[in-house]
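Asker: Chain by chain, the residues:
2 protein chains.
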Amino acid sequence: MKNFKAGLFGLGVVGSGVYTALQQNQKYGISIEKIAVKNIDKERDFDLPTGILTAQSDEILENEDIDFIIELINDPEEAFTIVKKAFEKGKSVVSANKKMVALHHQELLELREKYGVKFFYEGAVCGSVPILRLLDQHYKSDKIKSVKAIANGTCNFILSKMTAENQDYDSALKEAQDLGFAELDPYSDVSGEDTRFKLAIMVYHAFGIFVHPQEIPLEGIDYLDETLVQFAQKHQLKIKLIGEACNIGGKINAKVEPQLVNEKQDFYNIENEYNGILVNAEFTAEQFVKGKGAGSFPTALAVLSNLKDLIYDLAIAKYSIKPNITYSTEIEREIYFIGGFETELSGLEILAKDETYCLAKSDFKELEKLKQKHPNLYWVKISQDIYEIIKNQEVLI
Amino acid sequence: MKNFKAGLFGLGVVGSGVYTALQQNQKYGISIEKIAVKNIDKERDFDLPTGILTAQSDEILENEDIDFIIELINDPEEAFTIVKKAFEKGKSVVSANKKMVALHHQELLELREKYGVKFFYEGAVCGSVPILRLLDQHYKSDKIKSVKAIANGTCNFILSKMTAENQDYDSALKEAQDLGFAELDPYSDVSGEDTRFKLAIMVYHAFGIFVHPQEIPLEGIDYLDETLVQFAQKHQLKIKLIGEACNIGGKINAKVEPQLVNEKQDFYNIENEYNGILVNAEFTAEQFVKGKGAGSFPTALAVLSNLKDLIYDLAIAKYSIKPNITYSTEIEREIYFIGGFETELSGLEILAKDETYCLAKSDFKELEKLKQKHPNLYWVKISQDIYEIIKNQEVLI
Numbered sequence: 001m002k003n004f005k006a007g008l009f010g011l012g013v014v015g016s017g018v019y020t021a022l023q024q025n026q027k028y029g030i031s032i033e034k035i036a037v038k039n040i041d042k043e044r045d046f047d048l049p050t051g052i053l054t055a056q057s058d059e060i061l062e063n064e065d066i067d068f069i070i071e072l073i074n075d076p077e078e079a080f081t082i083v084k085k086a087f088e089k090g091k092s093v094v095s096a097n098k099k100m101v102a103l104h105h106q107e108l109l110e111l112r113e114k115y116g117v118k119f120f121y122e123g124a125v126c127g128s129v130p131i132l133r134l135l136d137q138h139y140k141s142d143k144i145k146s147v148k149a150i151a152n153g154t155c156n157f158i159l160s161k162m163t164a165e166n167q168d169y170d171s172a173l174k175e176a177q178d179l180g181f182a183e184l185d186p187y188s189d190v191s192g193e194d195t196r197f198k199l200a201i202m203v204y205h206a207f208g209i210f211v212h213p214q215e216i217p218l219e220g221i222d223y224l225d226e227t228l229v230q231f232a233q234k235h236q237l238k239i240k241l242i243g244e245a246c247n248i249g250g251k252i253n254a255k256v257e258p259q260l261v262n263e264k265q266d267f268y269n270i271e272n273e274y275n276g277i278l279v280n281a282e283f284t285a286e287q288f289v290k291g292k293g294a295g296s297f298p299t300a301l302a303v304l305s306n307l308k309d310l311i312y313d314l315a316i317a318k319y320s321i322k323p324n325i326t327y328s329t330e331i332e333r334e335i336y337f338i339g340g341f342e343t344e345l346s347g348l349e350i351l352a353k354d355e356t357y358c359l360a361k362s363d364f365k366e367l368e369k370l371k372q373k374h375p376n377l378y379w380v381k382i383s384q385d386i387y388e389i390i391k392n393q394e395v396l397i
Numbered sequence: 001m002k003n004f005k006a007g008l009f010g011l012g013v014v015g016s017g018v019y020t021a022l023q024q025n026q027k028y029g030i031s032i033e034k035i036a037v038k039n040i041d042k043e044r045d046f047d048l049p050t051g052i053l054t055a056q057s058d059e060i061l062e063n064e065d066i067d068f069i070i071e072l073i074n075d076p077e078e079a080f081t082i083v084k085k086a087f088e089k090g091k092s093v094v095s096a097n098k099k100m101v102a103l104h105h106q107e108l109l110e111l112r113e114k115y116g117v118k119f120f121y122e123g124a125v126c127g128s129v130p131i132l133r134l135l136d137q138h139y140k141s142d143k144i145k146s147v148k149a150i151a152n153g154t155c156n157f158i159l160s161k162m163t164a165e166n167q168d169y170d171s172a173l174k175e176a177q178d179l180g181f182a183e184l185d186p187y188s189d190v191s192g193e194d195t196r197f198k199l200a201i202m203v204y205h206a207f208g209i210f211v212h213p214q215e216i217p218l219e220g221i222d223y224l225d226e227t228l229v230q231f232a233q234k235h236q237l238k239i240k241l242i243g244e245a246c247n248i249g250g251k252i253n254a255k256v257e258p259q260l261v262n263e264k265q266d267f268y269n270i271e272n273e274y275n276g277i278l279v280n281a282e283f284t285a286e287q288f289v290k291g292k293g294a295g296s297f298p299t300a301l302a303v304l305s306n307l308k309d310l311i312y313d314l315a316i317a318k319y320s321i322k323p324n325i326t327y328s329t330e331i332e333r334e335i336y337f338i339g340g341f342e343t344e345l346s347g348l349e350i351l352a353k354d355e356t357y358c359l360a361k362s363d364f365k366e367l368e369k370l371k372q373k374h375p376n377l378y379w380v381k382i383s384q385d386i387y388e389i390i391k392n393q394e395v396l397i
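Residue numbers (the UniProt record's numbering), protein chains in the order written: chain P, 1 to 397; chain S, 1 to 397.
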């Protein structure tokens, strides 16, 4: 078999994992010719051949010996520039840059077709969980009804600490940061934005339409407080941040929000750095995949598998938009636990209430409006099933 | 895109599902030209075009217009004859025949290479759960340490009834038969043989070596009694039939046996017709996939996905046997719950005992020997972790 030559962009957590694996194991049949990094003089805790590092991307992109590009840098716009140029040069790309893919999905796939190259990015969505592969291949013959995902380990960790150990949000976040689970700037994780990027990518692979992340309503976990934790504990529920997209009669709805789940749901057992994805499809019915959603080696494996896809010349469906499917921001009303208000909420369809929180039927638009008056307001979805169970209990509230 | 022509063998539960899907939906791009069945006059509950049925396999196999074969009959030896002839005629095959694949795996793959055709059989292992796809593609860049699976819905159903509803084995089996979950002759399911066929197939895809099913030690669920059920209930454990294969320093061990699992394990929540597979690999760490393991539509979807693989000309690794890996029947001693004996057992390394059962360290060879003297003997694995938890409890036995 031919030995392939690759150029690597980025030598951070995932990049080092990929480089080390390819170096230590000849079975992959890929050698890294050049690595583009910001700072070639930075000290690294593994040996590198002299001259392999470069600060000039063109040393890789213009090199005709290099068969394909592994893009593993942080900055989404810089990555987009690199990937576009790689495509123009006829080089296929493997990337793990969720933000780049989510923000430029359609353009990237159009360029992929235009230049006749391949482009795989399994590592961009839920680390080692092979969800894009499954959506592209296994589910291509099925009709997907919904995709629901716990896709962010930092949120998982914080929520577990809050419910299992009665920590408040700030101290749980601090512990996550001390342990290296959370970034110093945790905004992207705890606001739900990170989950939303991943969900936006999955929407195309599941339903064949593109959605810009900003079109997906978003509620994070950063406002959750002990009122909710006590409610969850009282009813043996857990709080999880879930991104979900559903096909309702050809209209695709999507949102990211915290939800209360019970022990009957597969999401109940997803903790810490694990991610879980539930796909419901016409033929397959419910299928659940659980795996490590982040980290050097799990994400590196997704990249390595995609490199193998390039070597085996894996063909996937051409880019096309499904004609009968549209994205819709009309979202059905749900039952929510609502907290974080100081003065009474007006205009809500209340099901039960206390001084500090209530259960009500509502939707994102109404809740976002209320949040303008009540800046600490938060909402957490309760499924109809769970509501039916808890509403008959002696102490609902 | 070219419209492909296929010949279908078998029009049972899965065959009808595949045929109906292909008929109702042009998106698959495949038309069924001929269907070979045993009895062309049998009444069927859906319409078929005149003349599509045949009792002569050669009408399909010798037809040069037919691009590929969908093999969905029951008889493994008849299926083997059909598939071999299809290969000889240069036709690629999709099959869901676990017994055929398990019994003739190596020869089938050798013939596949010899005739330059493709051969996919995702539907043979755990219905809609895409485990072979994942092992062939996602995990090909990883190093698998173990594969553990609940792969039989009938056993699951019976075991759930026994523990959750205190039914005895016979009445649980009868209910499974009445509901159509279990065959009238349940031997293959309850003896564990069905799980063993699936495990043998997975061993090749996970570890790159062939193992004949008969080389895998097997203990079914047909001897389990209320003594075990009471023990499981006392310790909040569930009984599951699990097939597992592990790589221990290049030696592959495999076995099928009932195990006691606790709520921390993903297997705990696999009930009824659901299957669950836990893969542990070096980079990915633990990953769990849960889905419907049988039934017309879930298995049909696996077949349809494989048909798409043929259309997209999916390339997977050439057949090769890993040189440094061997199958080993040396199995490590485990902790077992042992029941079903009338007179005292001798020679066992007993950890705790009662009149009717004991916990002991043992292995299959020793236990199979004991079973010659105690024909109702059965054994159920308890992991070290679970044993550590329960041994400190007030009422272990």
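What the hints contain is simulated information worked out from the structure, not anything from laboratory work. Please note that the accuracy of each hint is not assured.
When chains are identical, the list treats them as one kind, so a pair holds in a single copy or across two.
[Claimed, not checked] Listed next, the in silico SDA-like pairs over lysine to any residue satisfying Cα-Cα at most 20 Å (straight line):
no.	residue 1	residue 2
1	Lys27	Ala317
2	Lys118	Phe80
3	Lys89	Glu43
4	Lys373	Leu109
5	Lys145	Asn25
6	Lys140	Asp313
7	Lys118	Tyr312
8	Lys381	Asp225
Asker: Now, for every hint given, state plainly whether the structure supports it.
Answerer: How the hints compare with the structure:
no.: 1; hint: Lys27 with Ala317; in the structure: between (28 Å within a copy, 12 Å between copies)
no.: 2; hint: Lys118 with Phe80; in the structure: within (15 Å within a copy, 37 Å between copies)
no.: 3; hint: Lys89 with Glu43; in the structure: neither (32 Å within a copy, 60 Å between copies)
no.: 4; hint: Lys373 with Leu109; in the structure: neither (42 Å within a copy, 67 Å between copies)
no.: 5; hint: Lys145 with Asn25; in the structure: between (41 Å within a copy, 17 Å between copies)
no.: 6; hint: Lys140 with Asp313; in the structure: both (18 Å within a copy, 15 Å between copies)
no.: 7; hint: Lys118 with Tyr312; in the structure: both (11 Å within a copy, 14 Å between copies)
no.: 8; hint: Lys381 with Asp225; in the structure: within (15 Å within a copy, 43 Å between copies)
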